[in-house]
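Q: Sequences listed follow chains A and B, in order.
Take the first sequence: its position 59, counting from 1, is numbered 59 in this note's numbering, and each next residue is one higher.
Take the second sequence: its position 127, counting from 1, is numbered 127 in this note's numbering, and each next residue is one higher.
The hints are simulated quantities; they were obtained by calculation from the structure and are not laboratory data.
Be aware that a few hints might be false.
If we take Cβ atoms under 8 Å as the criterion, some of the chain B residues that face chain A in the derived model are [said to hold, decoys possible]:
id, residue
1, 11
2, 32
3, 54
4, 266
5, 272
Dumping the calculated DSSO-like pairs for lysine-lysine here, alpha-carbon to alpha-carbon at most 30 Å [to be verified]:
id, chain 1, residue 1, chain 2, residue 2
6, B, 323, A, 17
7, B, 323, B, 40
8, B, 201, A, 232
Every value quoted in this text rests on a predicted model; they were computed, and no experiment measured them.
Beta carbons: idealized from backbone N, C-alpha and C, even for Gly.
Number of protein chains: 2
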Amino acid sequence: MKKLINDVDTVIADALKGIELSDACVRVDHQNRVIYRAEKTREGKVAIISGGGSGHEPLHGGFVGVGMLDAACAGQMFTSPTPDQMLAATTEADAGAGVLHIVKNYTGDVMNFEMAGEMAADSDVRVETVVVADDVAVQDSLYTAGRRGVGLTVLLEKIAGAAAEEGRDLDGVLEIAQRVNENGRSMGMALTSCTVPAAGKPTFDLPEDEMEIGVGIHGEPGRHREPLASAKEIARQLVEPILEDLDFTGGDTIVMVNGMGGTPLIELYLMYGEVHALLEAAGVSVARNLVGNYITSLDMAGCSVTILKADDELLELWDAPVKTAGLRWGV
Amino acid sequence: MKKLINDVDTVIADALKGIELSDACVRVDHQNRVIYRAEKTREGKVAIISGGGSGHEPLHGGFVGVGMLDAACAGQMFTSPTPDQMLAATTEADAGAGVLHIVKNYTGDVMNFEMAGEMAADSDVRVETVVVADDVAVQDSLYTAGRRGVGLTVLLEKIAGAAAEEGRDLDGVLEIAQRVNENGRSMGMALTSCTVPAAGKPTFDLPEDEMEIGVGIHGEPGRHREPLASAKEIARQLVEPILEDLDFTGGDTIVMVNGMGGTPLIELYLMYGEVHALLEAAGVSVARNLVGNYITSLDMAGCSVTILKADDELLELWDAPVKTAGLRWGV
Numbered sequence: 001m002k003k004l005i006n007d008v009d010t011v012i013a014d015a016l017k018g019i020e021l022s023d024a025c026v027r028v029d030h031q032n033r034v035i036y037r038a039e040k041t042r043e044g045k046v047a048i049i050s051g052g053g054s055g056h057e058p059l060h061g062g063f064v065g066v067g068m069l070d071a072a073c074a075g076q077m078f079t080s081p082t083p084d085q086m087l088a089a090t091t092e093a094d095a096g097a098g099v100l101h102i103v104k105n106y107t108g109d110v111m112n113f114e115m116a117g118e119m120a121a122d123s124d125v126r127v128e129t130v131v132v133a134d135d136v137a138v139q140d141s142l143y144t145a146g147r148r149g150v151g152l153t154v155l156l157e158k159i160a161g162a163a164a165e166e167g168r169d170l171d172g173v174l175e176i177a178q179r180v181n182e183n184g185r186s187m188g189m190a191l192t193s194c195t196v197p198a199a200g201k202p203t204f205d206l207p208e209d210e211m212e213i214g215v216g217i218h219g220e221p222g223r224h225r226e227p228l229a230s231a232k233e234i235a236r237q238l239v240e241p242i243l244e245d246l247d248f249t250g251g252d253t254i255v256m257v258n259g260m261g262g263t264p265l266i267e268l269y270l271m272y273g274e275v276h277a278l279l280e281a282a283g284v285s286v287a288r289n290l291v292g293n294y295i296t297s298l299d300m301a302g303c304s305v306t307i308l309k310a311d312d313e314l315l316e317l318w319d320a321p322v323k324t325a326g327l328r329w330g331v
Numbered sequence: 001m002k003k004l005i006n007d008v009d010t011v012i013a014d015a016l017k018g019i020e021l022s023d024a025c026v027r028v029d030h031q032n033r034v035i036y037r038a039e040k041t042r043e044g045k046v047a048i049i050s051g052g053g054s055g056h057e058p059l060h061g062g063f064v065g066v067g068m069l070d071a072a073c074a075g076q077m078f079t080s081p082t083p084d085q086m087l088a089a090t091t092e093a094d095a096g097a098g099v100l101h102i103v104k105n106y107t108g109d110v111m112n113f114e115m116a117g118e119m120a121a122d123s124d125v126r127v128e129t130v131v132v133a134d135d136v137a138v139q140d141s142l143y144t145a146g147r148r149g150v151g152l153t154v155l156l157e158k159i160a161g162a163a164a165e166e167g168r169d170l171d172g173v174l175e176i177a178q179r180v181n182e183n184g185r186s187m188g189m190a191l192t193s194c195t196v197p198a199a200g201k202p203t204f205d206l207p208e209d210e211m212e213i214g215v216g217i218h219g220e221p222g223r224h225r226e227p228l229a230s231a232k233e234i235a236r237q238l239v240e241p242i243l244e245d246l247d248f249t250g251g252d253t254i255v256m257v258n259g260m261g262g263t264p265l266i267e268l269y270l271m272y273g274e275v276h277a278l279l280e281a282a283g284v285s286v287a288r289n290l291v292g293n294y295i296t297s298l299d300m301a302g303c304s305v306t307i308l309k310a311d312d313e314l315l316e317l318w319d320a321p322v323k324t325a326g327l328r329w330g331v
């Protein structure tokens with residue numbers, strides 16, 4: 001295993017130190033492993049909180065900042081944060097207007113955020129939750145009942161973050177988050193496995209001439225394995241199941257081609273070209289896009305495609321200023 | 001070889017299509033393989049042009065846009081663009097105020113940009129050149145006489161781009177570029193080789209328990225190989241040679257921890273923490289930083305550190321708005 005780390009037991013603590021030192025917009029509660037905005041949430045603003053297992057950076061800590069998250073809880077590698085972490089983040093970030101929990105649909109995350117929400121209610125903090133479930137690859141999976149929450153989480157955190165920033169109340173922010181969740185779909189693939197530091201070896205074996213279509217962001221099995229194919233064919237196998245699941249014609253979309261962590265940008269640009277061409281041929285209009293590493297799986301090579309139907313309101317919220325380590329524009 | 005490509009012969013052409021489709025701020029001359037700003041350089045503004053072998057994305061094409069480059073020439077993989085490409089970019093981007101060529105110090109790049117500059121002079125376009133030579137690892141190398149040009153190129157393109165954007169003349173922009181070049185140093189390391197698509201196999205062999213210290217961005221040999229060490233020790237081996245080469249105390253610096261393409265962000269954050277701690281201990285003040293993939297070597301795992309002494313003027317130019325695929329803030 002070749003990694004830039006000190007010790008398999010200190011990877012997350014060490015990375016949190018680096019995040020705090022590099023990003024002037026955040027502060028880190030190292031005890032609870034929560035990343036907060038450097039400045040306290042302004043009075044009366046809905047607080048947006050997310051979190052999940054580490055290993056998906058920049059998600060979620062890299063999306064803390066003006067226009068996006070107020071706090072992010074960092075779990076162990078590929079493991080849900082604890083309810084205690086989430087409760088600390090929730091009560092600390094609440095500024096009197098309530099808190100939205102953005103939860104990727106994995107059994108542990110859902111259970112722990114639910115518990116944290118109940119505990120927060122005991123402290124009179126109102127919490128609403130959106131469970132992101134955008135992965136069309138499989139219905140149930142290794143750690144999930146129902147669809148997994150993957151790339152759409154990035155778009156949802158941006159758009160819900162903008163809605164909270166412009167002063168909408170908790171019901172309003174929740175409605176926007178639900179709208180994003182209902183209108184977005186994703187599908188991913190892997191060329192290689194990832195290696196969890198503590199395990200020291202690849203999570204799964206994938207022969208040199210094969211790829212996994214529909215892989216999860218922790219290396220969970222996807223739909224099937226097959227011989228390595230061209231970028232054009234891979235794009236087809238990611239885009240078609242998405243378009244079969246939801247009609248994306250007759251309006252605008254936001255499209256993300258996301259790298260899994262070990263895939264260089266030149267390949268992601270190339271994949272974007274193929275994805276865009278397929279969407280154009282299918283009559284899907286792309287209004288905005290993201291190409292890069294936004295929700296990763298440690299060092300896995302591969303990519304995912306996320307498509308979101310975006311009405312004018314969602315596009316406006318997308319375009320609103322954001323200042324985070326992972327996404328920044330307008331400021 | 002596992003890559004998201006269609007054919008080893010069309011990687012660059014296909015990636016250029018993806019760049020054009022994803023980045024509304026650029027247009028691509030596919031014939032000459034030059035990426036331009038979507039809008040013509042405004043009359044009287046110095047044009048900033050760079051380019052080099054492909055495989056280092058987002059460098060250089062991802063840095064074309066307001067506040068940074070006017071045009072970037074994409075060579076074959078790890079191979080200098082031709083003088084014809086550079087001449088096309090130079091004459092097309094010139095807006096009457098002359099052109100600055102930003103050239104990484106590799107023999108082919110230097111020779112071809114020099115030839116293009118001479119040809120441009122025949123067309124009455126004034127060209128000045130800065131040859132970036134920041135890599136302290138080795139004096140001469142596989143493709144270079146003198147020091148190689150690596151990570152500092154990113155910082156130089158940003159700062160010179162800002163100087164041109166605010167209307168300085170060619171002498172003024174050149175002076176800024178030279179000041180950056182004189183005050184910045186870099187050093188890199190590799191955990192793994194990269195694989196050039198046309199070669200189909202790793203450029204060099206690096207045993208599972210070894211790393212290469214001082215590697216070049218094309219996999220050129222560095223200073224030495226040694227057993228894999230901790231992130232803290234690797235950071236020391238990158239930072240110390242830089243600090244021995246130039247005194248960075250007594251002022252501010254801009255620091256970049258750059259990924260080589262196959263290293264996930266969590267490891268880069270962790271490395272930044274180690275680098276920052278070493279600089280603090282050495283009395284070096286970090287005013288700004290970048291952590292991410294900015295000048296890559298295809299799928300190589302590893303990282304590099306760049307440090308630039310930055311006076312108030314350089315910091316102001318650094319902070320000026322930039323709108324490119326690879327770097328964006330303030331707009």
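Q: Would you list, in rising numerical order, the hints stated earlier that this structure does not obey?
A: Number 2 - this is the single hint that the structure violates.
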